[in-house]
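Take a look at the letters that make up each chain.
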Amino acid sequence: MDPLFVALQILNGIQYGLLLFLIASGLTLVFGILQVINLAHGSFYMIGAYLAFWLTARTGSLWTAIAIGLPLALVLGLIVERVMIRLLYARDHLTQVLLTYGLILVFNEAQRLLFGNDVHGVAAPEIFAGSIRLTDTLSYPIYRLAVSGVCLALVLVMYLVIQKTRLGMHIRAGAVDRETVQLLGINIQALSTFVFAAGAGLAALAGMIAAPLSSVYPGIGEHILIICFVVVVIGGIGSIKGAFIAALLVGLADTFGKVLIPEFSSVTVYAVMAVILLWRPQGLFGRA
Amino acid sequence: MTLTTRSQRACPLSRRAVLGGAAAAAAVSTLNAPFVLAQPARIKLGLMLPYSGTFAALGNNITDAMIQAINEKGGKLGGREVQYVRLDDESEPPKAAQNANKLVVGEKVDILVGTVHSGVAMGMVQVVREEGTTLIIPNAGAGAATGALCAANIFRTSFSNWQPSFPMAKVMYDLGHRNVVTMTWKYAAGDEAIGGFKDGFTKLGGKIAKEIAIPFPDVEFQAHLTEIASLKPDAVFVFFAGGGAVKFVKDYDAAGLRKTIPLYGSGFLTDGTLKAQGAAAEGLLTTLHYVEDLPNPVNQKFSADFKKATNRDVDVYAVQGYDTGQLLVQALDAVKGDTRAKPALHAAMRNAKIVSPRGDWTFSKAQNPVQDIYLRKVVNGENKYQSVAHKGLEDPATGCKLA
Amino acid sequence: MDRTPRLLTILALLAVVVLACLPQFAERYTIQLLTRIMTMAILAMSLGLLVSGVGLVSLGHAAFFGLGAYVLALASPANEAASVWWALPLVIGASALAALVIGALAVRTSGIYFIMLTLAFGQMLFYLFHDAKFAGGSDGRYLNFRPAVEFMGQEILTLNDRPTLFYVSLALMVLTYLAIGMMLRAPFGRAILGIRVNEPRMKALGYNTNRYKLTAFVIAGAIAGIAGFLYATQYRAVNPALFGWRESGLVLMMVILGGLRSRLGPVIGAFALVLVEELFQALTDHWLMAMGVFVIVVVLLLPDGLAGLFDRKRDAAEADDG
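Protein chains in written order, with my numbering: chain A, 1 to 288; chain B, 1 to 403; chain C, 1 to 322.
Wrong hints could be hidden among the right ones.
Mimicking PhoX-like on lysine-lysine, the simulated pairs with C-alpha atoms at most 20 Å apart in a straight line are [as the list claims (entries may be wrong)]: (1) B:K44 / B:K76; (2) B:K384 / B:K301; (3) B:K353 / B:K301; (4) C:K203 / B:K198; (5) B:K210 / C:K203; (6) B:K336 / B:K76.
Computed Cβ-Cβ distance ranges for the label pairs, DEER-style [stated by the list, open to error]: (7) C:T284 / A:L78: 26 to 36 Å; (8) A:T165 / C:T284: 44 to 54 Å; (9) A:R86 / B:G381: 28 to 38 Å; (10) A:L260 / C:A204: 46 to 56 Å; (11) C:L283 / A:S61: 34 to 44 Å; (12) A:W63 / B:K259: 23 to 33 Å; (13) A:P125 / B:G381: 21 to 31 Å; (14) C:A104 / B:A148: 49 to 59 Å; (15) C:L157 / A:R86: 52 to 62 Å; (16) C:A204 / A:Q189: 43 to 53 Å; (17) A:W63 / B:K353: 36 to 46 Å; (18) A:F264 / B:A148: 25 to 35 Å; (19) C:N210 / A:L87: 32 to 42 Å; (20) C:A104 / A:L156: 39 to 49 Å.
Keep in mind the hints are simulated off the structure, nothing from the lab. Cβ coordinates follow ideal geometry from the N, Cα and C atoms, glycine included.
Construct all of the structure, not just a fragment, from the sequences and the given hints.
Pasting the structure below:
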């Protein structure tokens, strides 16, 4: 195993982890601030992917697709929050689980109705379509680097918003103690709607930029959802910092697991989760 | 009992609704038919195929080509009208046994045809082995169906997973490759395809550096492409199909590997995928039991007729469906439509000679086709016939009691 | 926990009688369907024990069901039938052991964490059996011979016979129902009901609540394993999807649909959900959407599930839930 191989796999792992973070961040905030389990969060990722496929096919460019698709996804997130999620605030976890489970079924079937069941490819934008030659046998696709770049930029933006703005302060406070924030006169309802829509938008964006990498087919939402659940549990519910570190950890574990122990690679991620929970049941940065 | 979509088309809703309604009315019993006077006029043909999902195009091609073959001979089987009962199996192995039961026990079909996915086919094999219904497999290559689990009532008109890959070993060896990496999905079709290649290649003295198997239907290949580059083999042999094949060929090309480490595969790598793969697939060599430009007259007529009837191009799946139709016509004519005369029906099937677009073929004792495998090359975005890689190849049918 | 209205109990008894007579005159397909439903009812009851009994919402319970099915498929010899006398205890033991390991980690958490943990472990088992070489991969595995029930060399029950399997499933379903009832009336049951209502109070009273929760988790896992045994026996085919979250969600749905207040709830839920699924499948291609809407409507409009429809009295004291 030469150093270049290891370095490349680390690159692969970080790229995957950054993508996971985009999705998991929304999930952990929704848990923390809204206190709602939303099983349908993965559906936004799927919706993003399918929007990318559909709009790229129509407009010929992934850029345009994202420019149109992202606002669409945000609006959808808003609608879902107002119509469905709001019903869940007062309910117990069991009801939330089942209602959002039913929502997944509806979303999946709607997707099948609209787009059918095939596996679809999405073309990466032209400027990123090439590869960088690394060795005499291997090149690295530029698009993957671009994706990592975009994710990093978003992470930075999120960090600035959450740590340096008033809105961010409200979000952080709401994740810790919803009631007190309300008592302080902050409009927790508007905050919740914003957080939910933002989370949905991030997940959809992740789906859009990942579409050229992992193809678009039914079921991608659920697959990524479970992994993100693991990320949130490892990182600690409500903690963005935790989600970030956990996402990178999961991305690296999965990538190295694939090449080192291919037979049990999928189990690696869960094993990591089990070990961390044994040590800290509330996750790395969660509140007990 | 997983929640997978299972849709049914072209089937009288009333029958399904009655079945469902009866079940819903707290399973109030229905009386068993006390006796059967004469055979009902129509032959009930059960079609358990994917009509949705990744393999829907295959399911449709098989069905349409099969019906075309039957219609060419007058639309009847052994003088009797045919009733087609379709069931979408969605290529989901978990529901395979249940779905097969629905057709065999619930609908009481005379003959069952299906399916595409090997895992689902195995579920069907389990059911018909118990119930005795005649099964014709128009695609799924699971070796066990005409191997360890073979039976007198199970026939296959397509291929075994082992067959198309085995001849590629000699092709690659003759081209000078001695050290090869293989890659596929971890499921029966993938395992057996690689197994076929491995059999051939190791027997010739070649070496397999590593066998990479990723979970089905994962299409994130990046980590493994990096691994292949670091292993530096002479060549790579893969089995992928459908959307996965599209992505793999494109990713392999994007990683720059095609220039330095040649890629080979069984024909499924370039079947139905060339348009999406584009320039990345140019020049790929594959082996399969069919090529679209085979020069025999049966192939030319079949392609033209199929295109006229469905406005789609033929592919290997349509050919397999067509041959299934031909088999049904021949066998049922031989027993004059008496589907109850099973030993005679099966004997007629066993002895059938199929004049196919892929070339003539017959059944092996294990009831799998003995057929020619062709070498093909992608030229200008199409598969072109190069040569016969192996004439009259018979699957070893390990463990079959009939062979 | 049992608020089963008298009317419902009488109907249930009637239903058992009807079921017992069914194989005499029903179609083979109907018998098969009902056998599957009764297997699901056993699985649903085991989850019901956790959800309504202890208050633990597990989204990974199907994992033990799948494990039971796989253990039977893997342990059965390729050329002859396994004997139920060692196969069944093996299955129960394996499921209980898995529940012990997973439960030991999971019961330390609660609320959202517990739900996600159980979901994640269910998925882990799915991937284990999906990816590993020993398990047959995504196509699953097949059971060549159904388990044999023999005594002194003589076969006393043929599970290959459809009606026999039907009766065995019926008997096991009734037995499970009665056993859970007995368990809940015993001191152990009283304790876990207390934990569901107010865990801090039970802790203050000196109960090691984690141990009680773990015990209930293990028992539920073992019963789920028995359901898996029946499933594998009926279909002679097992598949990794049995472990998945979709299956777990489905079982949870059965428990809710039936109603949390009644011990009959899971059974009613199992029958209703499968029959509704069959009905929807017969009516439309897009039955999954119909199922999704059905799930949403039931959860929103029927807080006490179907069993609640029979309940005229609303007990003000039992206003808490979950």
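Hints, one by one, checked against the model:
1. B:K44 / B:K76: holds (12 Å)
2. B:K384 / B:K301: holds (18 Å)
3. B:K353 / B:K301: holds (19 Å)
4. C:K203 / B:K198: violated (62 Å)
5. B:K210 / C:K203: Measuring from Cα to Cα gives roughly 56 Å; hence the hint is violated.
6. B:K336 / B:K76: Between K336 (chain B) and K76 (chain B) the Cα gap is close to 11 Å, so the pair holds against 20 Å.
7. C:T284 / A:L78: 26 to 36 Å: holds (30 Å)
8. A:T165 / C:T284: 44 to 54 Å: Holds, at about 49 Å.
9. A:R86 / B:G381: 28 to 38 Å: violated (53 Å)
10. A:L260 / C:A204: 46 to 56 Å: With a Cβ separation near 48 Å, L260 (chain A) and A204 (chain C) satisfy 46 to 56 Å, so the hint holds.
11. C:L283 / A:S61: 34 to 44 Å: holds (42 Å)
12. A:W63 / B:K259: 23 to 33 Å: Since the Cβ atoms of W63 (chain A) and K259 (chain B) sit about 30 Å apart, the hinted range of 23 to 33 Å holds.
13. A:P125 / B:G381: 21 to 31 Å: Holds - the Cβ-Cβ distance for P125 (chain A) and G381 (chain B), about 24 Å, lies within 21 to 31 Å.
14. C:A104 / B:A148: 49 to 59 Å: violated (41 Å)
15. C:L157 / A:R86: 52 to 62 Å: Roughly 55 Å apart at Cβ, these two residues keep to the hinted range, so it holds.
16. C:A204 / A:Q189: 43 to 53 Å: Taking Cβ atoms as reference, A204 (chain C) and Q189 (chain A) lie about 36 Å apart, which means the hint is violated.
17. A:W63 / B:K353: 36 to 46 Å: Violated: the Cβ-Cβ distance is about 58 Å, outside 36 to 46 Å.
18. A:F264 / B:A148: 25 to 35 Å: holds (27 Å)
19. C:N210 / A:L87: 32 to 42 Å: Given range 32 to 42 Å: holds, Cβ gap about 33 Å.
20. C:A104 / A:L156: 39 to 49 Å: 41 Å Cβ-Cβ, so the 39 to 49 Å window holds.
In summary, the structure is inconsistent with hints 4, 5, 9, 14, 16, 17 from the numbered list given earlier, while agreeing with the others.
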